[in-house]
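Keeping the supplied structure of chain A fixed, place chain B upon it in accordance with the hints.
Protein chains in written order, with the working numbering: chain A, 1 to 249; chain B, 1 to 569.
One or more of the hints may lead you astray.
[Stated by the list, open to error] Calculated pairs, DSSO-like style, for lysine-lysine (alpha carbon to alpha carbon, straight line, at most 30 angstroms):
1. Lys283/B to Lys310/B
2. Lys230/A to Lys480/B
3. Lys216/A to Lys411/B
4. Lys411/B to Lys230/A
5. Lys45/B to Lys230/A
6. Lys134/A to Lys216/A
7. Lys68/B to Lys45/B
[To be verified] Quick look at which bits of chain B chain A covers, simulated, 3 or more residues with Cβ under 8 angstroms:
8. 83 to 94
9. 180 to 192
10. 432 to 441
11. 488 to 501
[Claimed, not checked] From the structure, some residues in chain A lie toward chain B, with a derived Cβ separation under 10 angstroms:
12. Pro83
13. Arg113
14. Ser131
15. Asn151
16. Lys153
17. Asn219
18. His223
19. Lys230
20. Ile231
Please keep in mind that the hints were generated in silico from the structure rather than gathered at the bench.
Every residue, glycine too, gets a C-beta built ideally from N, C-alpha and C.
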Amino acid sequence: MAEQHSEKKMSRRRFIRNSGYVAGGLVGGGIIGGLIGANMNDEQEGTNTQGEHQGTSFLQAPLYFTNPEMFAVLVAASERIFPSDDNGPGADELGVAYYIDHSLAGSWGNNAREYMQGPFFPGSNFQGYQSPLKRHEVFDTGIKALQKVANDKHDKNFPDLEGEQQDAILTSFQNDEVELKGVTSKTFFNILRAATIEGVYADPAYGGNINMEGWKMKNYPGHQMSYYDKIESDEFMEIEPQALHSYTK
Amino acid sequence: MAEKLPKTDVVIVGMGWAGSIIAAELGKEGLKVVGLERGKERGLKDYYVVHDELRYAIRYELMQDLSKESLTFRNNQKERALPMRQLGSFLLGEGSGGSGVHWNGQSFRFLPYDFEIRSKTIEKYGESKIKGLQIQDWGITYDELEPYFDKYEKVAGISGEEAHFGPERSNPYPTPPMKETPLTKRFKDATNSLGMHPYHMPSANLSEPYENMYGAKIANCQYCAFCERFGCEYGAKADPTVAVIPYAKETGNVDIRNFANVTEIIHEGGKATGVKFVDVLTKEEFIQPADTVVLTSYVMNNTKLLLHSKIGKAYNPENGTGVIGKNYCYQILPGSTGFFEEERFNTFMGAGALGATIDDYNGDNFDHSDLNFIHGGSISINQSGKRPIGSNTVPSGTPNWGAEFKAQSIKYFTRSLNIGTQGASMPVQHNFMDLDPTYKDAYGLPLLRLTYDFTEQDKELYNYIGKIADQIMLEMGADKVNERSNLESYDIVPYQTTHNTGGVIMGAEPETSAVNNFLQMWDAENVFVVGASAFAHNGGYNPTATVGALAFRAAEGILKYSKEGGMLA
Numbered sequence: 001m002a003e004q005h006s007e008k009k010m011s012r013r014r015f016i017r018n019s020g021y022v023a024g025g026l027v028g029g030g031i032i033g034g035l036i037g038a039n040m041n042d043e044q045e046g047t048n049t050q051g052e053h054q055g056t057s058f059l060q061a062p063l064y065f066t067n068p069e070m071f072a073v074l075v076a077a078s079e080r081i082f083p084s085d086d087n088g089p090g091a092d093e094l095g096v097a098y099y100i101d102h103s104l105a106g107s108w109g110n111n112a113r114e115y116m117q118g119p120f121f122p123g124s125n126f127q128g129y130q131s132p133l134k135r136h137e138v139f140d141t142g143i144k145a146l147q148k149v150a151n152d153k154h155d156k157n158f159p160d161l162e163g164e165q166q167d168a169i170l171t172s173f174q175n176d177e178v179e180l181k182g183v184t185s186k187t188f189f190n191i192l193r194a195a196t197i198e199g200v201y202a203d204p205a206y207g208g209n210i211n212m213e214g215w216k217m218k219n220y221p222g223h224q225m226s227y228y229d230k231i232e233s234d235e236f237m238e239i240e241p242q243a244l245h246s247y248t249k
Numbered sequence: 001m002a003e004k005l006p007k008t009d010v011v012i013v014g015m016g017w018a019g020s021i022i023a024a025e026l027g028k029e030g031l032k033v034v035g036l037e038r039g040k041e042r043g044l045k046d047y048y049v050v051h052d053e054l055r056y057a058i059r060y061e062l063m064q065d066l067s068k069e070s071l072t073f074r075n076n077q078k079e080r081a082l083p084m085r086q087l088g089s090f091l092l093g094e095g096s097g098g099s100g101v102h103w104n105g106q107s108f109r110f111l112p113y114d115f116e117i118r119s120k121t122i123e124k125y126g127e128s129k130i131k132g133l134q135i136q137d138w139g140i141t142y143d144e145l146e147p148y149f150d151k152y153e154k155v156a157g158i159s160g161e162e163a164h165f166g167p168e169r170s171n172p173y174p175t176p177p178m179k180e181t182p183l184t185k186r187f188k189d190a191t192n193s194l195g196m197h198p199y200h201m202p203s204a205n206l207s208e209p210y211e212n213m214y215g216a217k218i219a220n221c222q223y224c225a226f227c228e229r230f231g232c233e234y235g236a237k238a239d240p241t242v243a244v245i246p247y248a249k250e251t252g253n254v255d256i257r258n259f260a261n262v263t264e265i266i267h268e269g270g271k272a273t274g275v276k277f278v279d280v281l282t283k284e285e286f287i288q289p290a291d292t293v294v295l296t297s298y299v300m301n302n303t304k305l306l307l308h309s310k311i312g313k314a315y316n317p318e319n320g321t322g323v324i325g326k327n328y329c330y331q332i333l334p335g336s337t338g339f340f341e342e343e344r345f346n347t348f349m350g351a352g353a354l355g356a357t358i359d360d361y362n363g364d365n366f367d368h369s370d371l372n373f374i375h376g377g378s379i380s381i382n383q384s385g386k387r388p389i390g391s392n393t394v395p396s397g398t399p400n401w402g403a404e405f406k407a408q409s410i411k412y413f414t415r416s417l418n419i420g421t422q423g424a425s426m427p428v429q430h431n432f433m434d435l436d437p438t439y440k441d442a443y444g445l446p447l448l449r450l451t452y453d454f455t456e457q458d459k460e461l462y463n464y465i466g467k468i469a470d471q472i473m474l475e476m477g478a479d480k481v482n483e484r485s486n487l488e489s490y491d492i493v494p495y496q497t498t499h500n501t502g503g504v505i506m507g508a509e510p511e512t513s514a515v516n517n518f519l520q521m522w523d524a525e526n527v528f529v530v531g532a533s534a535f536a537h538n539g540g541y542n543p544t545a546t547v548g549a550l551a552f553r554a555a556e557g558i559l560k561y562s563k564e565g566g567m568l569a
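Chain A with its partners taken away, still in its complex shape:
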């Protein structure tokens, strides 16, 4: 598994090198994943054995982020929250940053179905979200702050730091040790953490969980119409997962 991952990273670098778009500076900046190239699954994973998922990679395009450096911070931060390991791919390869990007562009990012009228007060620990910022503004603020702390502390961009350095910064956000405007760093971290897990395990239609690899790690079969004939069995079952896409067939 680990070997496959490094192969994948190789091919991504190759793509970045060959890409006219990123050749103008981003590669020199040493990013691990630019605005494009963070998930070059189309080379290896665009088609599964049944040929079902041709075209999945079209989902991996930014709909919210416009600044590649900020997107790279999101890629790196979500990868630390859900890293690649022996169990399987991490957030980066699963397309989690695209999931989050797409969510920020939609109703969730704009808190469309939530109560957003003022006046605003910080509230107690038990009164929930009280920031006047919408989620996409929280991400703008938080992602920028991750980069700034990395710059101030290490004179490097967040994606270029060692894993432990990135973890230390994320931990300081989680512990509410970084002052942000309009939202606490803890709230930003908690949303980032939750969104990362969503991107790992939400249906691939949302842009993450590429090829259902998130589900496969957990032995989760996704959308199955029935377990009527299976639920009484004492045997543990490994079932080929199905996604919402199968409704369209």
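Frame of chain A; chain B shown alone:
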């Protein structure tokens, strides 16, 4: 200017379980009914692409749109209440069928003890046992309510079996219990060996196809694991849009108007004359005159509409007088999480009400003489089907992100089990609902303000029942169980349960209750307020079956009132 519509016999506010049942029963008897529902119409065909955890379970597709209306919350009166800006602790429903569309289908009858809790507790333990608790009898006994439970179960086709501590039943469950699985069996074996009395959880996910008295056909459950927070694409979960609303419409006497958000009950001289509502799509305002007004719009809106319309005496937390907003209760939920190193389970299969339960520590089924609390709770294993975003169970002490979190949450997805409890919640003077002085909804009405915190009674119950849940989990063979942190302040963020109760409670006297045992308001005889808002406290079970029984009771009362008028009790 609001447009005045033609008068109807009965107007019903909210088309969930209670509103649907009442509409069907009154329509059947020839009364003209207008049902007003603020959300959209929906039915079986709208539940097609439903196996989407993110959309339904995490983003709350079927739940209330809080941008239009929410509530404010504080733990105590010294705090400033702030809006519940996002759903969390409980998930309010919206649309035809209400919360009855997204429920799990766990369908228990409250215990006889619940309905006479004050009398029975004092009788056995003395007055001092209830010190500080604002408990009262419900003005109706289990035996009086039994025929209505029976009707409700027949509408929903509930699948179940006799229980050791179960109260007397006039009829068996309409359908046999759901399937036995390795998990329900393991729970039963463990509790049996501990001397307890397990039984299969009564379920509205049906074990076999069933046709109810309204001619509705309910299919048998496929155990697909998408119940709570989802609609059922098979029509195998009894929900009002499947089991009741089609029949209500067939009577020709029930006109359901969707996107109709009621903002006021209009009244004159102690009687309602109708309701005012806004079409949430066009924003037009209407007045619907009616001989009888029925509120079936969940705990929060029933209370809010009465307070805003100034019907009934508002509750005063300073001295415990008044009734509207009184006795808000919730539920106490000490679960146990067990980890199994050597075994893997098909935890991703399930059904909302697939499970096994014991009542040995529910109600007054055990002796409370040496305990600092009353009541208890049902303890169950519920194989509702784990989903990957929502279920990331890790052993205590594991970080909640990073490599270790990833490894452990993946490992234990199929290697951990949960035992859950529905712990009863007792009312106290300072847990209540009133109107918020600052925040408004999209129609300019004040938000409801909830003041609530856990009490010493709750904490004692939590610890006691939690230890029993752990004992069962270890007996089931868990290598270890997670430490349970103490019950501290009530937090409106993490999901706990959508079993809110109270605010418009029933009882025998107008001084201490808002409605009589026909759910008729003491202060306005042509207003009936139905739902868990009528619960004088919350019991140790899911509330829906008891809500259903009260709906049939109220329907009978409304029919009687339409013929005879006057106070029914």
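Do the hints match the structure? See the list:
For a cut-off of 30 angstroms, the pair hint linking Lys283/B to Lys310/B stands: about 24 angstroms separates their Cα positions. Taken as a hint, the Lys230/A and Lys480/B pair is honoured in the structure, with Cα atoms around 28 angstroms apart against an allowance of 30 angstroms. A C-alpha spacing of about 12 angstroms is found between Lys216/A and Lys411/B, which places the hinted pair at or below 30 angstroms, so the restraint holds. Taking the CA atoms of Lys411/B and Lys230/A, the gap is about 22 angstroms. The hint holds against a cut of 30 angstroms.
Under the criterion of a C-alpha separation no larger than 30 angstroms, the hint pairing Lys45/B with Lys230/A is consistent with the structure, at around 26 angstroms. Between Lys134/A and Lys216/A, the direct Cα distance comes to roughly 33 angstroms. Violation of the 30 angstroms bound is thereby established for this hinted pair. For the given pair, Lys68/B sits about 26 angstroms from Lys45/B by alpha-carbon distance, which is consistent with the 30 angstroms threshold. Under a criterion of three residues with beta carbons nearer than 8 angstroms to beta carbons of chain A, the stated coverage of the stretch 83 to 94 of chain B is upheld, 5 such residues being counted.
Remark: the stretch 180 to 192 of chain B is confirmed as covered by chain A, as 3 of its residues place a Cβ nearer than 8 angstroms to a Cβ of that chain, reaching the required three. Chain A is given as covering the stretch 432 to 441 of chain B, and this holds because 3 residues of the stretch bring a CB closer than 8 angstroms to a CB of that chain, at least three being needed. Under the rule that three or more residues need a Cβ within less than 8 angstroms of chain A, the assignment of the stretch 488 to 501 of chain B holds, with 5 such residues. Because the smallest distance between the Cβ of Pro83/A and any Cβ of chain B comes to about 5 angstroms, under 10 angstroms, the interface hint for this residue holds.
The interface hint given for Arg113/A is met, as the beta carbon of that residue sits about 5 angstroms from the closest beta carbon of chain B, less than 10 angstroms. The beta carbon of Ser131/A comes within 9 angstroms of a beta carbon in chain B, closer than 10 angstroms, and the hint placing it at the interface holds. Against a cut-off of 10 angstroms between C-beta atoms, the interface hint on Asn151/A is violated, since the closest Cβ of chain B lies about 23 angstroms away. Hint status for Lys153/A: violated, given a least beta-carbon distance of 19 angstroms to chain B, over 10 angstroms.
At about 6 angstroms, the closest approach between the beta carbon of Asn219/A and any beta carbon in chain B falls short of 10 angstroms, and the interface hint on this residue holds. With 10 angstroms as the threshold, the beta carbon of His223/A comes within range of chain B, its nearest partner Cβ sitting at about 4 angstroms, so the hint holds. Interface restraint check for Lys230/A: the shortest CB-CB distance to chain B comes to about 6 angstroms, inside 10 angstroms, so the restraint holds. Given the 10 angstroms rule on beta carbons, the hint for Ile231/A holds: about 4 angstroms separates it from the nearest Cβ of chain B.
Checked against the numbered hints listed earlier, the structure breaks hints 6, 15, 16; every other hint is satisfied.
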